[in-house]
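Chain A is already provided as a structure; the job is to place chain B on it using the hints.
Protein sequence lines, in the order shown, are assigned to chains A and B.
Going by the working numbering, the first residue of the first sequence is number 1, and it counts up by one from there.
Going by the working numbering, the first residue of the second sequence is number 1, and it counts up by one from there.
Examples of chain B residues toward chain A, derived with CB under 8 Å:
hint	residue
1	N350
2	I447
3	V498
4	E508
5	G515
6	I523
7	A680
8	I690
Simulated from the structure, these hints should not be mistaken for laboratory data.
If you're wondering where the values come from, they're calculated on a predicted model, not measured in any experiment.
The C-beta atom is built at its ideal place from N, Cα and C for all residues, glycine as well.
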Amino acid sequence: MRETILTKYFSNNRHVFFFLGFLTLFTFAVVILAEGFGLGWLGTSFVKTLGKTLCLCMVAIAMDLVWGYCGILSLGHFAFFALGGYMIGMWLMFARTKLVVVAAAKNLALPLTEEEIKSAVGTQIFGVVGGAEIPNIWAFADILPAQLAFVILIPGALALIFGWLAFRSRVDGVYLSILTQAMTLALALYLFQNDSGLRGNNGLSGLQNIPGLENVQQSLVSMYFFIASAFILGIIYCLSNLIVSSKLGNIIKGIRDNEERVRFLGYNVEGFKLFIFVYTAIISGIAGAMYYPQAGIINPAELAPIASIYLAVWVAIGGRGRLYGAVIGAAFVSLMSSYFTGGQAPDIALGFGTLIWTDWWLVLLGLSFVLVTIYAPKGIGGVFDLLAKRNND
Amino acid sequence: MRANKVHLLISNRRTIKFIDLNSWGSDTFWSPVMISKMFVLIFLVSFIAIFVFSETGIASTRFEDLLEKNSALIKKSSSKTVEPVLAKIRAFGGPVATRFLKHWKAKKIFLVKSTGKFVVGAPSAKNGKKMVTIFSIATNKQLSVNPARDLKQLKPNSGVRAKIASSLVPLQLLSGSLDERREGIETVERKVERPHIAPLRDALKKESNNILKKRLTKVFAYATIAFSNDDNEVKAAIQSLYEDLSIGTRAALNPLLSETIDVAETLPTNVNLARVIIPNQSIRNWDGSVQKTNTFWQRTPELNTLTAYSLLVEKNLAPNPVSSKIRDAKIISLAKNGIVAGVRLSSLNNEASRDAVYDWLVKNKGLPARVDEEQMSAIIEKYVFFARYNHSSKEVVQTAIKVLTNINRKVAFYQFLDLLLDGISLVSIYFLAAIGLAITFGVMKVINMAHGEFIMIGAYTGYVIQLFVPNYTISILIAIPAAFLVAFLAGIILERAVIRHLYKRPLETLLATFGISIALQQIAKNIFGTQARPLTSPEWLDGALVINDVLAISNIRIAIFVLGLVFFGLILFVMTKTRFGLETRAVTQNPSMAASMGINPERINMLTFGFGSGIAGIAGIAIGLFSKVTSELGSDYIVQSFMTVVVGGVGNIWGTLAGATMIGLLQKGIEWFNPSNTLAAQTYMVVFIILFIQFRPKGIIALKGRAAEV
Numbered sequence: 001m002r003e004t005i006l007t008k009y010f011s012n013n014r015h016v017f018f019f020l021g022f023l024t025l026f027t028f029a030v031v032i033l034a035e036g037f038g039l040g041w042l043g044t045s046f047v048k049t050l051g052k053t054l055c056l057c058m059v060a061i062a063m064d065l066v067w068g069y070c071g072i073l074s075l076g077h078f079a080f081f082a083l084g085g086y087m088i089g090m091w092l093m094f095a096r097t098k099l100v101v102v103a104a105a106k107n108l109a110l111p112l113t114e115e116e117i118k119s120a121v122g123t124q125i126f127g128v129v130g131g132a133e134i135p136n137i138w139a140f141a142d143i144l145p146a147q148l149a150f151v152i153l154i155p156g157a158l159a160l161i162f163g164w165l166a167f168r169s170r171v172d173g174v175y176l177s178i179l180t181q182a183m184t185l186a187l188a189l190y191l192f193q194n195d196s197g198l199r200g201n202n203g204l205s206g207l208q209n210i211p212g213l214e215n216v217q218q219s220l221v222s223m224y225f226f227i228a229s230a231f232i233l234g235i236i237y238c239l240s241n242l243i244v245s246s247k248l249g250n251i252i253k254g255i256r257d258n259e260e261r262v263r264f265l266g267y268n269v270e271g272f273k274l275f276i277f278v279y280t281a282i283i284s285g286i287a288g289a290m291y292y293p294q295a296g297i298i299n300p301a302e303l304a305p306i307a308s309i310y311l312a313v314w315v316a317i318g319g320r321g322r323l324y325g326a327v328i329g330a331a332f333v334s335l336m337s338s339y340f341t342g343g344q345a346p347d348i349a350l351g352f353g354t355l356i357w358t359d360w361w362l363v364l365l366g367l368s369f370v371l372v373t374i375y376a377p378k379g380i381g382g383v384f385d386l387l388a389k390r391n392n393d
Numbered sequence: 001m002r003a004n005k006v007h008l009l010i011s012n013r014r015t016i017k018f019i020d021l022n023s024w025g026s027d028t029f030w031s032p033v034m035i036s037k038m039f040v041l042i043f044l045v046s047f048i049a050i051f052v053f054s055e056t057g058i059a060s061t062r063f064e065d066l067l068e069k070n071s072a073l074i075k076k077s078s079s080k081t082v083e084p085v086l087a088k089i090r091a092f093g094g095p096v097a098t099r100f101l102k103h104w105k106a107k108k109i110f111l112v113k114s115t116g117k118f119v120v121g122a123p124s125a126k127n128g129k130k131m132v133t134i135f136s137i138a139t140n141k142q143l144s145v146n147p148a149r150d151l152k153q154l155k156p157n158s159g160v161r162a163k164i165a166s167s168l169v170p171l172q173l174l175s176g177s178l179d180e181r182r183e184g185i186e187t188v189e190r191k192v193e194r195p196h197i198a199p200l201r202d203a204l205k206k207e208s209n210n211i212l213k214k215r216l217t218k219v220f221a222y223a224t225i226a227f228s229n230d231d232n233e234v235k236a237a238i239q240s241l242y243e244d245l246s247i248g249t250r251a252a253l254n255p256l257l258s259e260t261i262d263v264a265e266t267l268p269t270n271v272n273l274a275r276v277i278i279p280n281q282s283i284r285n286w287d288g289s290v291q292k293t294n295t296f297w298q299r300t301p302e303l304n305t306l307t308a309y310s311l312l313v314e315k316n317l318a319p320n321p322v323s324s325k326i327r328d329a330k331i332i333s334l335a336k337n338g339i340v341a342g343v344r345l346s347s348l349n350n351e352a353s354r355d356a357v358y359d360w361l362v363k364n365k366g367l368p369a370r371v372d373e374e375q376m377s378a379i380i381e382k383y384v385f386f387a388r389y390n391h392s393s394k395e396v397v398q399t400a401i402k403v404l405t406n407i408n409r410k411v412a413f414y415q416f417l418d419l420l421l422d423g424i425s426l427v428s429i430y431f432l433a434a435i436g437l438a439i440t441f442g443v444m445k446v447i448n449m450a451h452g453e454f455i456m457i458g459a460y461t462g463y464v465i466q467l468f469v470p471n472y473t474i475s476i477l478i479a480i481p482a483a484f485l486v487a488f489l490a491g492i493i494l495e496r497a498v499i500r501h502l503y504k505r506p507l508e509t510l511l512a513t514f515g516i517s518i519a520l521q522q523i524a525k526n527i528f529g530t531q532a533r534p535l536t537s538p539e540w541l542d543g544a545l546v547i548n549d550v551l552a553i554s555n556i557r558i559a560i561f562v563l564g565l566v567f568f569g570l571i572l573f574v575m576t577k578t579r580f581g582l583e584t585r586a587v588t589q590n591p592s593m594a595a596s597m598g599i600n601p602e603r604i605n606m607l608t609f610g611f612g613s614g615i616a617g618i619a620g621i622a623i624g625l626f627s628k629v630t631s632e633l634g635s636d637y638i639v640q641s642f643m644t645v646v647v648g649g650v651g652n653i654w655g656t657l658a659g660a661t662m663i664g665l666l667q668k669g670i671e672w673f674n675p676s677n678t679l680a681a682q683t684y685m686v687v688f689i690i691l692f693i694q695f696r697p698k699g700i701i702a703l704k705g706r707a708a709e710v
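For reference, chain A alone in the conformation it holds in the complex (with noise of 0.2 Å):
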C-alpha cells in the first residue's frame, strides 16, 4: 500500500478512523431506518433528538479539549452553545416571520412598505415582550449570511475578550471555574430580561420551521438536519484531532500538566490558552447553531449555570484528555437522560415501595458521577485503554 499523507494520518490515529467509520455506518442506518427516505421505522422527533445527540457530541468535543487537554475546567461552554443557537435563532423567526407577513398582506390594494413590512415583523415577535420595534441587535436578521458569520463570530469574540481579560491577569483553576460560571450566569441573566432585545424567558420559537423549506415535511427536514450534524461533527472531530495530535497539541498538554514549565520554556501560555478557549467557543456556537433549529425552542433557560456542569460531567464520564472519550460520554448520558426522564423506561417494584425512574434517575447520575471521579477518574474511555493493553500483553 502506497503510503499517503492520509494513510500515515490514519495509522498514526486509529481512533479516527474508526470514529468516522462508525459514524458514517451510523448516519447511513438512521437514514435507512428513518421516516424520511427510508422504511420509517424511527419516527421524526426520535430522528431529531439523535441529532440533537450528535450536537451536544460536539459540543463535548470543545469541552474536552478545553478542560481534558488544557486543563481549563470552563463552566461557560454553554454559554457560547446557547449564543450560536440565538444568533441561528434571529434569522430563522425574523426570516418566516417576514414570509407570514408577506403572505398575508397579499391581499391589500397597496403593497406595503419597507417600513411597514418591519413593524409588523416587530409587533409580531415582540408582542410578547409588549413591544413592537425591531431592537438594532437584530439589524442582520434579515440577512442569512451575516447571521451565520455571527454564529462564529458572537461566541468567538465573547470567548476571547474573556479569555484575553482571565488568562492575562492569571486567574487558573477554581477561580477560573468559578469566573466561567458567573459569566454565564451574567449572560443568562441579560437575556432573561424582556428589554434584552431576544425576548426576555419567551426565548426564540418556532425554529423547526425553516423559511425556504415550507413545503418540505418534517421527517426529511430532520433528516438534512441530521445529515449535515453527522458531517459537521466528523469535521470537528478530525480538526481537533489535527490540533491535538500536533505540536501545539503537545505544548496544550504541556499547559494542562504544568503550566510554570511551559511558560519558564518560553512559550506564551495565555496565547495558547486563548487559542484553545476562542476555537473551543467556536465549536460551541457551530454545535448550538445545528441544534436549537432541531430544538425549536432556545430560551435563557439553556445557559443556567447548571448545563455547562453537566457538560463537564458528560466528558468525565466518557473520559478525559480523549476525543472519543467526549463524545461517548456525551451521548451515553445524554440519551440516557432522555431515555429515564422520558417517562419510557419501566419501573421497578422493590418490596418497599416503587423505584420510579423519572424521580430517582438525577440522583443515580449524581451519584454514579460521584462514583466515576473517585475511582474511575478515566470514564468510559478507559475500559479502551484496557481493552488495547490486554491486546498488547
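Frame of chain A, contents of chain B only:
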C-alpha cells in the same frame, strides 16, 4: 347636650336610691323640712325625667319621620339623588343620625315590608330558615326576630356609600367618642372634600387628644390647600407642611404644580407662566424649570415637532396634516382598475412614491395638501409654546415648590438610608450563605458545590420541626441548633465518603460534589415535592420598625442582620481563640508539620468540613424565613456565595465579610439606578465582579507571605 342631661338623670336616680336605703323609716326623714325637700326633689327629678324622655322620644320619632318622608330616595338610592336626604340627615345630627348612616353604609338597614319602616337588622339562620333580628334605629333596642322575606335589605352602591361616608365625617369629627373621631379623621385622610372644611375647623378647636389633633391639623391643611380661595391662608397651610414626609402631603401639594401646555403668537403676560418651551430642545424638570438637551443625558425633549404641531391643530392655528393612513385611503379610493395618477397601486411599495402620487392628486383633484415635517417646523417657529400653572397665584406655586423641594430632598435622603439598610440586610444574607463556604473552600481549599444543598437541608430541617412544634417561636429556637446538627452530620458524611479521596484533585472535588448536589436536590424533591414549603417566622418578627413615613425596617431584616453579626463573632472566636481553630489553621498551613505536632489532620479536616456545613444549615433557616423552602433554594445562592468568597479573598473570614459587603451593597446600588429591573442589576454586578477579579485576582483581602502559597 342630651348626653349631659341623661347623666344628670342617672345621678338623680342614684340620689333616690341613696335616700331609699339609708333614710327610709328613720325619724329625721319624715321631718317636715325633709318632706318638703323631698317634694322638691321628686318634682325636680320627675320634671327632668319627663323632659329628657320626651325629648328622646320626640327625637326618635322626628328622625323616623324624616326617614319616612324621604323613604323613596333612601330605598332606591343613587349617588346623584341621595345628596338632599343626606343633607337633611346631617342637619338633624346626633348619635341617631350617626348610627343610621353607619348602618346604612354597612348595608345593615332593612325595610319592613308591611309597615314601610326602616330598622337595623342582623341576619341569622334558624332551623335552616333565613332570619333577621331587627333593632330600632332610634333606640338601638332589639325589636323582634323576623323571617328574612318580610324585610328588604338596603344595598347602597359604592358611589352612595362614598357619599354616606363623607356625610358621616362632620358627625364623627364632633362626636364624643374617641374611636368615632378617629374613624372620621381616617375618612377625611383618604379623601378630603369641600364641605369638610367647616367641621374640620370646629373639630380642630375642640379636639383634646394630641395625636388626633396632629392628624386633624394636617388634614385641615390639606383641605385648605385644596379648597380655600384665600392665597395667604393656602400659603400658611403649605408652610405648615414643611417637615412632613408623608405621601398624603406630597399628593396634596403636587396638584398645585399641575400645568397646561399652551401656545400663542406672543407670550401672554396675564398667565401664571411656568416656562417657555422650545420644541425639540427644552426638557422639563420636575419643578417646572427648563433645561436644554445635551448629549450627556439623553432625555427626550418635552415637545417634539409632531406633538407641538398637533397642539397648533387643536387650537385651529394650523391646518390638519394628512396622516399616512388618510393618504393611503385616499389613494386607494381614487384608484381605477388598480391605477392612480398613471401609476400602478402594486408598485407603491415605499413612502416616497405614495407621497408623490398624493401630491399629484392634490394638484389635480383638489385634495388637502400634505404637511411634511419641514413645513411643520416652519409653522411651529412662528409661535411661542409655554406651560402655565393651573393655579392662579404665583406666590402659592413658589411656596409649594420650595416646600416640595425640601420634602423631596429629605425623602431622597431617607430613601437612600432605606436602600443602605436594605443593602445591609442583603449583605447579612450573603454573608451567612457564604461563610460556611469560606471555611470549607478558603481554609481547606476544597470546592463544595453541594454547599447550597446544605443550606437547603437546614431550611427543610426547620420546616420539618415546624410540622411537629406548632409554636413558631419555640420551633425556630429548636430549628437553629437542629439545622446545624443535621447539616454538620451531612457534611461529615460527605467528607468521609467523598472529599477525603480527592484532596489532591481540587477540580474533581468540584465535579464530585456537583454530583452530590444534583442527587441531594432530587432526593429533596422526591421527599418534599416540588411545591414550596413555608418556614413561618414567629409573630414578633412580622412587624417593622417605623422611623418615619419613608423609612421602615422590617423586623426580619433586623433579625437576619443580628444573626449574621452573631455568627461572624462566633466564627471569629472559634477560629482564633479555641483549640479547634488553632488546629484548623495549623493543618491548613502545613498538614504534615501539624501532624508531627500531634494533631490529627484527618480529624480536623472532617470537623472543619462539618462546621462549615453546619453554618450553611443555619443560613438555610435564615433564608427560609423570608423566602419559601424549595429544593432549589441552595442553588440560587451557590454562585453568589462563590463570588462572595472569591471577591473577598480566600482563607479569611474578614475577607468574606468584605466580599459580602461589596456584592450586597453593589447589587442594591445598581438596583437604585434602575429600580424596575433587578435582573439587570444582577447582570451588571456579575460583570463588575468579573472585571474586579481581573485587577485583584486574590480578592479584596489577599493573604500575604507563606500562607498564600499553601
